Amino acid sequence: MTLQELPDDAPGRLVPYGRRPYYNPDPLPPDSELQFETEFYELLSETTFWLGKLGGYSLTTDFAPVLYTSLLRKEAMESSEIEGADIDYNALYSFETRSLDRSDVADEQAPVIDETKDVREVLNYERALKSGIRAIDRNNGVSIDLLHTLHDTLLTDVPEDRRETDTIGEFKSVPNHLGEFVPPVPNAVDGLMDALLTYIRTGGSYHSLIDIALTHYQFETIHPYGDGNGRLGRLLITVQLYEHDYLEQPTLYLSEYFNRYKEIYVDRLNAVRKYGEWEAWVEFFVTGLRHQAEESLLQSQELHSLQQEYEATYGDTAAAYAKLACTLFERPYLTANSVQEQLGVTGPTAYRAIDHLEGEGVLEETTGKERNREYRAREIFEILERPPQTY
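Using the UniProt record's numbering, you'd call the opening residue of the sequence shown number 1 and step up by one each time.
No lab work stands behind these hints, which were simulated from the structure alone. Since we're looking at a predicted model, the values are computed, not measured. Hints should not be assumed to be uniformly reliable.
[Claimed, not checked] Here are the simulated lysine to any residue pairs, SDA-like style, with alpha carbons at most 25 angstroms apart:
no., residue 1, residue 2
1, Lys274, Ala195
2, Lys74, Thr327
3, Lys53, Gln249
4, Lys130, Asn90
5, Lys274, Asn90
6, Lys172, Pro27
7, Lys53, Pro27
8, Lys274, Thr327
9, Lys369, Glu358
10, Lys74, Gly203
11, Lys130, Pro27
12, Lys172, Gly18
[As the list claims (entries may be wrong)] Pairwise CB distance ranges (calculated):
no., residue 1, residue 2, range
13, Ala280, Ala195, 39 to 45 angstroms
14, Val266, Val15, 18 to 24 angstroms
15, Cys326, Lys369, 23 to 29 angstroms
Built from N, CA and C at the ideal position, the CB exists for glycine as well.
Using the sequences and the accompanying hints, generate a full structural model.
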């Protein structure tokens, strides 16, 4: 993007800076009133409906921890994948389970846990999102201090070859760029972010879902940090939805949608920067919210139905395998050591319980090894790993 390529009516300007100018976005709201077709307002109504259905289901249903933990974990994985991480559920749950084994069992021969850089990024995202939700629960709204704290959490202990900055928990100190796009340089960031946070704190100018879309565009365009802007921007969406009472629990995330439509996502952002095509960006964003709300509701319903099925099948039986089946919604990935600790049984009893459930197709072994074997709840993971059904 050069000075000659930016139209006069673009919602920002190019500022000469060294060899390449940087883009300085106008503050929110857009100068021109947004104009939507009737179909968009129908979409907005649908989205609000599905968000309400999801929130109502969360309020009226007693879920085991696996629901919220796993949906949050799925978001963390999808968001990290957008940034180039390569990880799956097995690797992440294996790390967590083996770590618990080492802490619960005093065995110097226990396998050493290899925490890969990708695992670290996903776990950091989980921690940051939980921290953001706790801040809202304490009535601490979105602020510069909160963003700095979340950024620090996202990038802590991430290897240098996986991050593009040494400045963590602070705004960038050197310019960055996204291909041909050069976002605001460091000395422009403070003023732009102060204006953005003022827009958020004062309640915006439009329907709150539209304002969250505008906020995400503005944050990603400012690109205030040296690295981690994509992850933090996507995390902020969920925090804002929670703050606006669209979510009773943090069970809706947009990274899955953005991941599957990555090129459209980038194109829509660039079209706003160059041509002020706000309406197309907002429609794309709200469409993602609508689909992900329905996706989260479907997964929630299926997981809860499966939990009830297990309770009906195994709840009245005192055998170790039955107790184990009913705990899978708390710890769906396990080893013999973790079963011993969780049920308070001997090693042979733990192995028999695992073998029984493996024979019934409830558990499946994941490593293919003869020693240090790991198992996961097959049907739970089938639900969690299923591709989107509504788009």
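Task: Numbered hints the structure breaks, given as an ascending list - done: Hints 5, 7, 8, 10, 11 and 13 contradicted; others consistent.
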